[in-house]
Amino acid sequence: MTSDTTNDAFNDALARAAEAAAPSGGQVKRKYIGRSMKRVEDPRLLTGRGGFIADQKIAGLTHAAIFRSPVAHGRIVSIDATAALAIPGVIAVVTGEDCRAKMNPCMNFGPSTIPQYPLAVDKVRYVGEAVVAVIADTRYLAEDGVDALDVEFEELPPVVNPFKALEADAALLHEGHGSNLAYERSFTFGEVDEAFERADLVVSDTLHWGRSAGMPLETTGAIGKPGLNGVLEIYCNSMNFSYFVWLIATALKLPSNRVTINPVPAGGSFGSKFTAHKVPTLAGFLALQVNRPVSYVEDRLDHLMNSDHHASDRYYEAKLALTCDGTIVGMDVDVVDDYGAYLQFGVGTHGNALSQGVGPYNFNNLRYHLRAVLTNKCQQGAYRGFGSEVHNWVLERLVDQAAEKLGMAPEVIRRKNFIQPEQFPHKIPGGNLYDSGDYEAVLDKALSMIDLEHWRKEKKRLREEENRYIGIGLVTTQERSVFSSTEFWYWFDEPAFPITSSPESATITIDPSGEFQVLLHSQAMWGNSPETVAAMVVAEEFGVEPDKVNIRYADSAHALPGTGPGGSRFTVMVTGAIRGAAKKLQKKIIEIAAHTLEVPPEDMEITDARVQVKGAPEVGLSLGEVAATAYFFALNLPPGMTSGLEEQHTYDHPLTTLPSPDRSDLGIFYPIMGHNCHIAVMEVDPDTGMTTWLDYVAVHDAGTIVNPITLGGHVTGGTAQGVGTALLEELAYDEDGQFKSSTFLDYLIPTANEIPAMKLGHVETPSPYTEYGIKGGGEGGRMATPGVISAAIDDALREFGMHVQNLPVKPSDIVATVLAAREQQKEQRS
Amino acid sequence: MTIQTQGGVDPTLQRTITARVNGRDVSGVVDTRTTLADWLRDELDLVSVHLGCEHGVCGCCTILLDGQSVRACLMLAAQVNGRDVETVESLSSDQTKLHPIQEAFQEEHGLQCGFCTPAMVLRTKEILADGRERTDEEVRQDISGILCRCTGYQNIINSVQCAARKLRAGSPAPIAAGTGTGGSSDQNPGA
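Protein sequence lines correspond, in order, to chains A and B.
Add 1257 to a position in the first sequence, counting from 1, and you land on the number used in our numbering.
Add 6 to a position in the second sequence, counting from 1, and you land on the number used in our numbering.
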C-alpha cells in the first residue's frame, strides 16, 4: 500500500464516520443527555443486593482454594496430596499435570512460545503462581486441604531485574522461547534524528514507573457449573466475555457452543477484570474435573500476587527536542517494560501510548523503542489508562524539565505547543487521529478556577516567613477513548489474528404493555453506569422516564457482537448501539401508528412516550397502544409487517483504518480524544517527606457530557488512583523475587485522608464522529495526576534538587534527597 | 460472654449462639472458627457484608455491633452471642423505599461499584447518631477507616453531609445507635 492509498483510506474513513454521526437536521435540544441523573443501578447496591460473585448461591456448590508457589523460580519436584485428601469434606486435588493432560494453554495475545496454564506445569515462575487447587465442601475445608499439601520445589535462579534478565547468563523463564526478551520493536515516525540535531535544547530523563494495579475491593472470582446438554456454565465477574468465551472454550477443549458465560456484576475493575482469564478458566476446568459446581474466588493474597493484571512496570530513557522559544520538535522514547512471567496481553499497552504519543502538542517526530522483558513476577495487564497514562507522565516530566531550563512557566510552554482547534481532525505521527479538541479552552478554564498568582506569592512568602515548602504543578494530558483492536497486533509484521472488530450491541424491547426493556450484550455492571447511560439514551429517544426502563444483560449464548468496557469506550459505543436500535424501533412505531391513524408516516413524531401528528399532538397513540397492536393485532399492522416491537443494533467502531503493511503508518485506532488540565498545590515537609494538599483543580473535556455527576465521579475516582500510583502503591519484589506487598498494610490504597478536595470543571468539545458527540471519560484523573504530583513535589523542593524520576515517590525518597542535598551544602560551606 | 454448650458438642469446635440481628433474635450453632462475616453471609444470607481483604484493612465488611462499627472479618461469630448486630439491610432492604442515608448516597453519587457502600452507609449512620454538624474535613477523617476504590471519596463526603441534612430536617425514625431496625419498616433481616 502506498502512502497515497493510505491517505485515501484515511480520508474515506473520516468522511464516512462524520456522515454517520451527523445530527439529522439542526441542533436538537436534549431533555436527558447532559443532565445529572441519579443512577438506576444504585438502589440494589445501597441495600446490599449487588449480586456479586461471592453472593451467588448455587445448590451443591463446592469451593476451591489454591496452593501458591512460595518460590520465584523453580521446578515442581513432587506434590503429595495424601493428607489433604484424607480430610473429610475435601473432594479433589487438581494440579498442573491435570491441566497438561486435559486442556490447551490459556488464551494469550503474546507469542505461542510463552504458554500459560491456570495451574503451573513443570515450573513455577513467580511467587504466588497457582500450583495446586483443592476442592472441598466449604472454603474453610479447601484451605485446610491446601495447608495439608506437601509440595517440593527445586529452586532456580530468580530473574528479578529486567535489565539483568536480558544478560546472556540470565536464567530463562521460558526455555521454549529461548530468551527473556519477549518482544522488541522500534517505530520511527517523521525525521527524529534530524529534529534532535537541529534542536536548540534537548532534555532527557531516566524514569521508572513502578508496578501498581487496579486493585478493586472485590477480587476476581468465578463459578464453573456443569449444565444441560454438556454445556459448561461459567459465572464470572471478568469483563469482555464476548472476546474470551471462545478462547476459554478452546483452552478447555470444548466446542464454543458448549460454554456459556453468565456475566456477574463486578465490585470494581479498573482494568483488573478486563479479559481476566485465569479465574474463569480455572473454575470451569475444576468443575469439569469433579462434575459439580465449583466456586473459586480469589482472596486478597491471591489477587495481590496472582491476578491477571499487575500494571505497567516501565523503565525509560526519554528525550525531548525543542527550539529556543520552547517549541517541541521531537521525542525519542526507549522503554523496557518488566512484563513479569507471561505475556497475556502482548504489548497492546504500548499501542495505547502511541495513540497519543505527542500528547496535546503539535510536533511530528517520534521514535518509540520497546523491549518487553520476562521476569519472575506476576503477569502484567490492564489498569485504567492501559499504558497511555504512563506515557503521559513521561511526556509531562520532559515538558516540565524543558520549561525549567527555558525559564518558562508550565502553562506558557504548554500553551505554546498546543494543537489548535482549527487543526482538527489532526493526524499525529504514527497515524492515529485526534477527532476534535480545544486545549486552550481547557487550560483557561482550569486557570480561572485557581488563583495561581496568589499561590505563587504564597509559595514565596511561606518559604521566607514560615520555612514551609509549597509546590505547584500543572499538566495538560490526553485521554484517548474507543479503541479499535488493531493496536493489539500492528506490532507484529505477520500477526496471527489481525482482528479489526470492536463492536457493541443493544436490543430494545417495548413489551405488550408499552414498558421498555434494554438488553446489553457484553458484560454485567462493573462499577460504572451502563444501565443509567442506556436508560438515558432510551429516555432521550422515546421521551419515557429513565427509571421506567429496565436493563438486563445477555449471557454469552444470547449475546450479540460486543467488546465490553475498556479503554473508555463503553458510553460512546453503547450509545451508538442503543441509538441505532432506537431508530429502527421508531420507524416501526411510526409505521404502525401512521397505518392505524391513516396519516402519512412523515407527518408523525415520537414525543413523551407518544407517537403523534406533528403540530397536532392530540392526534396520536401512546406507545402502549402501538405495542398492543404490534403484539396482539397482526391484522391491524401494515401489510408485510411482522408482530412484536423489538429491535437490535450492532454499532461498529465509528472510525478506524488498517495500518500500512510496512507499519510506517499505524492507521487510525484510537481517535476519540479527550483532554484535561490538572493543577495541584501541595505542601511538602522536607524533614518527614509528608505531602499535604492545598488546592486541586481538574478540568476535563470528554465531548458531549451524558451525565455530569457520573463523569465527575470518574475524574475524582481516577485522580484518587493517580494519587495512589504516584505516592503510595507499589507491588514490590525483593532481590530474590519474594513478594513484599501481600496485604493492604503493605500495598497502600489511598484512604480519604490522602485525597485532595477537588474542584472540577468541564469543557465540551463534541466529537464529530460519535452519536451526540460523546467522548469517553472513564479513565478520568489517572491520566494526569501522577504528572501533576511529580511536578508539584519537584517545585516544592527545587532548592534541594528534587526531581521525581521513580513512582511511587515515597516519603523516604523525599527525605533521602533532602538529606543528600543538605550534606552537599554542608560540604560546600566547609 | 456466656458459653452455652450442647450435649455432645465439643465447645472448642462449636458453640450455640443467640444474637439480635437487624432487630430479630437469631440462634444457631456455629463452628468456633467461623468468622462473623462468613456467618452473616453464609448462614443468614446477609450478603451486604462484603469481604474485600479479610485482614481488617479495607473495611468493606463493617457492621454495627451494639451500635459501633467493627470489621466482621476480624471477629468470630461466637463472639456476638448476646449482642446486637446491624447490617445495611437494617436501614432498608426495600429498593423502592430507601432510608434517608441511602437516598443521600444515591443523590450525591456516593457510590460506583457498590462494594464498599454498605460499610460506608453503616459508618454514616454511626457517625451521624449524635446529630452534630461536621465540617467536610471531619467527615473525611470519620470515613477514613473504610477504603473506596471508585469515588475518590469526594462524593461520599457529600453524601454524608446530605444525609446529615436530611436527618436533621426530619428524621422518619430515630437512628440512635443500637436500635436495630433504624428507619426500616422491614423486620426481616434475611430478606
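None of these hints come from the bench; they were simulated from the model.
Heads up, the beta-carbon is just placed ideally off N, CA and C, and yes, glycines get one too.
Among the hints, erroneous ones may be present.
[Said to hold, decoys possible] Only some residues are given here: those of chain A computed to face chain B with a beta carbon under 7 Å:
{"no.": "1", "residue": "GLY1305"}
{"no.": "2", "residue": "ASP1312"}
{"no.": "3", "residue": "GLN1313"}
{"no.": "4", "residue": "ILE1315"}
{"no.": "5", "residue": "ALA1316"}
{"no.": "6", "residue": "GLY1317"}
{"no.": "7", "residue": "MET1360"}
{"no.": "8", "residue": "ARG1557"}
{"no.": "9", "residue": "GLU1715"}
{"no.": "10", "residue": "THR1973"}
{"no.": "11", "residue": "GLY1974"}
{"no.": "12", "residue": "SER1999"}
{"no.": "13", "residue": "ASP2003"}
{"no.": "14", "residue": "ILE2006"}
{"no.": "15", "residue": "ILE2012"}
{"no.": "16", "residue": "PRO2023"}
[Said to hold, decoys possible] Not everything, but these chain B residues come out facing chain A in the computed CB check (under 8 Å):
{"no.": "17", "residue": "THR18"}
{"no.": "18", "residue": "LEU19"}
{"no.": "19", "residue": "HIS61"}
{"no.": "20", "residue": "LEU80"}
{"no.": "21", "residue": "GLN101"}
{"no.": "22", "residue": "LEU104"}
{"no.": "23", "residue": "GLN112"}
{"no.": "24", "residue": "GLY120"}
{"no.": "25", "residue": "VAL127"}
{"no.": "26", "residue": "GLU139"}
{"no.": "27", "residue": "THR141"}
{"no.": "28", "residue": "GLU144"}
{"no.": "29", "residue": "ARG155"}
{"no.": "30", "residue": "CYS156"}
{"no.": "31", "residue": "ASN164"}
{"no.": "32", "residue": "GLN167"}
[To be verified] Derived lysine to any residue pairs resembling SDA-like cross-links, with alpha carbons at most 20 Å apart:
{"no.": "33", "chain 1": "B", "residue 1": "LYS103", "chain 2": "A", "residue 2": "ARG1306"}
{"no.": "34", "chain 1": "A", "residue 1": "LYS2016", "chain 2": "B", "residue 2": "ARG146"}
{"no.": "35", "chain 1": "A", "residue 1": "LYS1295", "chain 2": "B", "residue 2": "HIS61"}
{"no.": "36", "chain 1": "A", "residue 1": "LYS1714", "chain 2": "A", "residue 2": "MET1665"}
{"no.": "37", "chain 1": "A", "residue 1": "LYS1295", "chain 2": "B", "residue 2": "THR141"}
{"no.": "38", "chain 1": "A", "residue 1": "LYS2016", "chain 2": "B", "residue 2": "THR141"}
{"no.": "39", "chain 1": "A", "residue 1": "LYS2016", "chain 2": "B", "residue 2": "VAL36"}
{"no.": "40", "chain 1": "A", "residue 1": "LYS1295", "chain 2": "B", "residue 2": "THR102"}
| task | Go through the numbered hints given earlier and state which of them the structure violates, listing their numbers in rising order. | result | Numbers 3, 4, 5, 6, 7, 9, 12, 13, 16, 17, 18, 20, 26, 27, 28, 31, 32, 35, 37 and 39 - these are the hints that the structure violates, sorted from lowest upward.
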